[in-house]
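Given next are the chains, with one letter for each unit.
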Amino acid sequence: MIEKTGMTDARKSLYFHLGLIGALFILQFILPAYHHGNLARIMVLACYAMGYNILFGYTGLLSLGHAMFFAAGMYGMGLPMVHLGWTPEPALISAIVVGVVVSAGIGFLALRTSGVSFMIVTLMFAQAGFLTILYFGEWTRGDEGFVIKQAERVMAGFDLSQPTNRYNAALILFSICLLLTIRLVHSRFGRVMIAIRENEERTHMLGYDVHFHKWMAVIMSGTMAALAGAAYALLFGYAGATFASVQYSIFPLLWVLLGGAGTALGPFIGTLFMFYLIDLSSSFTTAYMLIAGLALVLLTLFLPQGLVGEFRRKVVPWLS
Amino acid sequence: MKKTSKSLLTPRRQIIKGAAASLALGAVSMPLMGRYAQTQSAEPIKIGFQVHRTGIGAAYGRWYDRTTMAAVEKINNAGGINGRPVEIIAEDDGTDPKRGAEVVEKFATQHNADLAFGTLFSHVVYGSAPRAGELKIPYFVVSEGHHVASGALNRYTLQPGITDVKSQVQAMAPFVANNLGKKVTMVYPDFAFGHDHRDYFSAAIEAQGGQVIEKIAIPPTETSFTKYFPKIPRDTEVIYHVMVGPAVLTFVKEMGEFFGSSRPEIFGFIDSLEATDLSSPGLEFLEGTYFWEGNPRYAQANQSEYDKAYRAAVGVDANGASVSDSKDVSTYAHMFGCWETLHIVKAGMEASGYRGTGDRAKLIEAVESMSDMPHSDAHPQGAKRFNGKTHQVFGHQYITKVSNSKLDLVHTTSIEDTLYPDEVDYTKQSF
Chain A
0 MIEKTGMTDA RKSLYFHLGL IGALFILQFI LPAYHHGNLA RIMVLACYAM GYNILFGYTG
60 LLSLGHAMFF AAGMYGMGLP MVHLGWTPEP ALISAIVVGV VVSAGIGFLA LRTSGVSFMI
120 VTLMFAQAGF LTILYFGEWT RGDEGFVIKQ AERVMAGFDL SQPTNRYNAA LILFSICLLL
180 TIRLVHSRFG RVMIAIRENE ERTHMLGYDV HFHKWMAVIM SGTMAALAGA AYALLFGYAG
240 ATFASVQYSI FPLLWVLLGG AGTALGPFIG TLFMFYLIDL SSSFTTAYML IAGLALVLLT
300 LFLPQGLVGE FRRKVVPWLS
Chain B
0 MKKTSKSLLT PRRQIIKGAA ASLALGAVSM PLMGRYAQTQ SAEPIKIGFQ VHRTGIGAAY
60 GRWYDRTTMA AVEKINNAGG INGRPVEIIA EDDGTDPKRG AEVVEKFATQ HNADLAFGTL
120 FSHVVYGSAP RAGELKIPYF VVSEGHHVAS GALNRYTLQP GITDVKSQVQ AMAPFVANNL
180 GKKVTMVYPD FAFGHDHRDY FSAAIEAQGG QVIEKIAIPP TETSFTKYFP KIPRDTEVIY
240 HVMVGPAVLT FVKEMGEFFG SSRPEIFGFI DSLEATDLSS PGLEFLEGTY FWEGNPRYAQ
300 ANQSEYDKAY RAAVGVDANG ASVSDSKDVS TYAHMFGCWE TLHIVKAGME ASGYRGTGDR
360 AKLIEAVESM SDMPHSDAHP QGAKRFNGKT HQVFGHQYIT KVSNSKLDLV HTTSIEDTLY
420 PDEVDYTKQS F
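Chains as they are written, first to last, in numbering that gives the first Met the number 0: chain A, 0 to 319; chain B, 0 to 430.
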C-alpha cells in the first residue's frame, strides 16, 4: 500500500515538473525580450543550483567550494575552444570530463573530513582553484577572462547566441538536470543519499557504503555544476576567474536555501527569486545586497524550508 | 433622414470651399505641426550608464558618475544632441562580469537605450561586450584595457575616450630609459592587468636599449610584501611598480622601510593610488618618485583653460579632490574618459543625423570615421587621434613627480609615442 502511494506521488510529482517545463517552453513566446534573456540565464544558473542541491539538499553535505566545479566546466569548455579551435560539441564533452575528474579528485580528498571541516576544505580547494586560474593567466587571461566569439558558438547548426536558440538550449539543459534530479531522488541510490542526510550513522549500520554514496553525490553534484558552467560560457560567450571566486560558491547555497533545500524545484525558484530581488531593488538603491540579505534572514526565520519547501509542506506533500 | 441625405450629397462648390479652408488651416497650423513634430523628436536620447557603484570598482564608479552627470549637464545646457536632451539611465553592475552582461541586456531590451556606456574594469567589459554585440547596441567603454584594440571584442564595442594600457605603458619606456635608468625591476600584481604591464613594458624598454632584469609578480591575496623586496637585484636602476587595491599603502610603506634613504629611482602607475590622498601616512617614501598619470590630478602651472573648465564642471579642486570634501580624492587620471566619450557620442550622433535606435550602425560608422580631435572643451585631457579600424583612441600621456606630496608634471609624451601597429580591423565585420 505504501509502495503504491509512493508510486502515485512520484508520478504526480513528475507530471507537475513536466508541466513546469511545458510552461517554461510556452513562456518564451510571451515574455518581453528582457525577461526572455533573464530566464535563459536563470535556467542555466538553476542547473548550477540543482547540482549544489544534490550534495547539500539531498545528501546533507554543505560545500563552500562549488565555484571550482562551475569554473571547471566553464574552462573545460572555453579553453579548448579558444586555444585548440574545438567546436562546441567536443568542447562540451571535455567540460563534462573535466567536471567528473575535478569533482572525483576533490571529493576523494575532501570526504576524508566531515561537517565544518568539509566546508573549510572545500572552501580552500576552491580558493586554490581560483588562484590556479590566475596563475595560468597566459592561457586563462586570469581575472580578465576571455570572450568566446559569436561565430564559434554554433552547435549542431544552431547559433547559440541567438535569443530563441539560447533560450531553448537553456531549457533543454534545465529539463535534463531537473528530470535527472527527480529520477535520482526516487532511485534506490537517491534514497540512500537522503538516508545519509537524515542519519549517517544509522545508514552505515544498515550496511550501506556511506563513503561511496557521498563520493558519488559529490561527483554528480560537481559534474552538474560543471555542465552549468560550460553552458554559461557557451550561451553567454564569456569565461573568467570571477566565476571561480568565493562569492560564486556562496550563490548556489543562497539560491538553494531560498528555494528550498531537498526539493527538485527549489533551486530554480531560489535563483529566480534572488535574480529579480536584486534586479528590482538595484533600480532604487545601491544597498540592494542589504535587501537581499534581509530577505534571506526573514525567509530563514519564517519559511525555514524555503519557498518550495513550505509550499510542499502546506499544499502538495507529494512534491519531489 | 433628409438632413442626412443632404450631408451625404455635398455640392462640388462646398467641397472646393472646404478644401481651400483646409489648405488655409493647414498653412496656418504648419508652425504648430512643426512644433509638434519637434516635440516628438525631442524625446531624450537615452544613454545606459553601466556604473561600478558597488564591488571593487566603487571608488572609480563614484567619480565616473560625477563626471558623466557633469558632461551631460554641459551637453544639455548647450542644446543637447540634435536638439534632443540626453538622459542617463544608470545601473550598477557590482563590478561583476555576470551582472555587467545583465545590465547591458537591460539597457538594450528594457530601457530601450540608444547605447550603453561607461564601463571601467576589464573583466566587466569582457563579460558584457559579447551581449552588446549580439543585441546590436553600441557599447562605449571607458576602461583603458587593451581588449578593444586587441580584436577580442566586436564592431559594437568602442573605446574612443581613453587610451589603452598597451599605448600607455609603451610610451613610458623612452622617458624611463633616458632619465631614470636602463636596468628595470618590475613589481606587479599576478593577474591580467599586471601581466599586460610586464609584457608591454618589457618589449618597450628593450626597444630603448634597456632591460627588465627582474620580474616580481605578487599574488593578489598578499597583504605583506617584505619577502619580495630582497628579490630586487642590487644593480637595479629603476623600480617599476603597479599595484592595485588597498594593499598599495602597505606596499609603499614596506618598500620605504626596506630601502631607507638609499633607493633606486622609482616609477609607478597612478592606478595604484587613484582616489588615495598622497599625504596619507606611509606614502612619504614616494617623495621624489615618478608616476604615469592619464590626466594630472593636481592643477599644473600651465593648466589649460579646458582643464580649468572641466575641473570646475565636475567639482574637483586644484588638488584633485572634491570641492565639497578635500578628503574625497578623485580618480582624475581616468574619469576624463567619461566626459570625452560622451562628447564623441554627441559628435557621432550629430555627424550621422542620428534619430533613433535604427541608426545605431550609422552612429558607429560616424565614430569610426573620426580621426584627429583637438585639445578643447570636449577633450580637456589633450588632443586625441582615433583609429576607426581598431576602435581605440590614442593620446598624450603625462609623467609627474611627487614633490611636497603633490604631483608636478615633468614630461608629456607625444601621441606618436603611444602608437603601435593595428591588431584588428573591426570595420570589416558586418553589423
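Since the hints were derived computationally from the structure, they do not count as laboratory data. Careful: at least some of the hints might be erroneous.
To be verified - Now the in silico label distances, taken between C-beta atoms and shown as ranges:
#1 K181/B / H82/A: 34 to 42 Å
#2 T284/A / E42/B: 23 to 31 Å
#3 G150/B / V153/A: 15 to 23 Å
#4 D208/A / E213/B: 49 to 57 Å
By construction, the Cβ of each residue, glycine as well, lies at the ideal position given by its N, Cα and C atoms.
Item to check | Contradicted hints - numbers only | outcome: none
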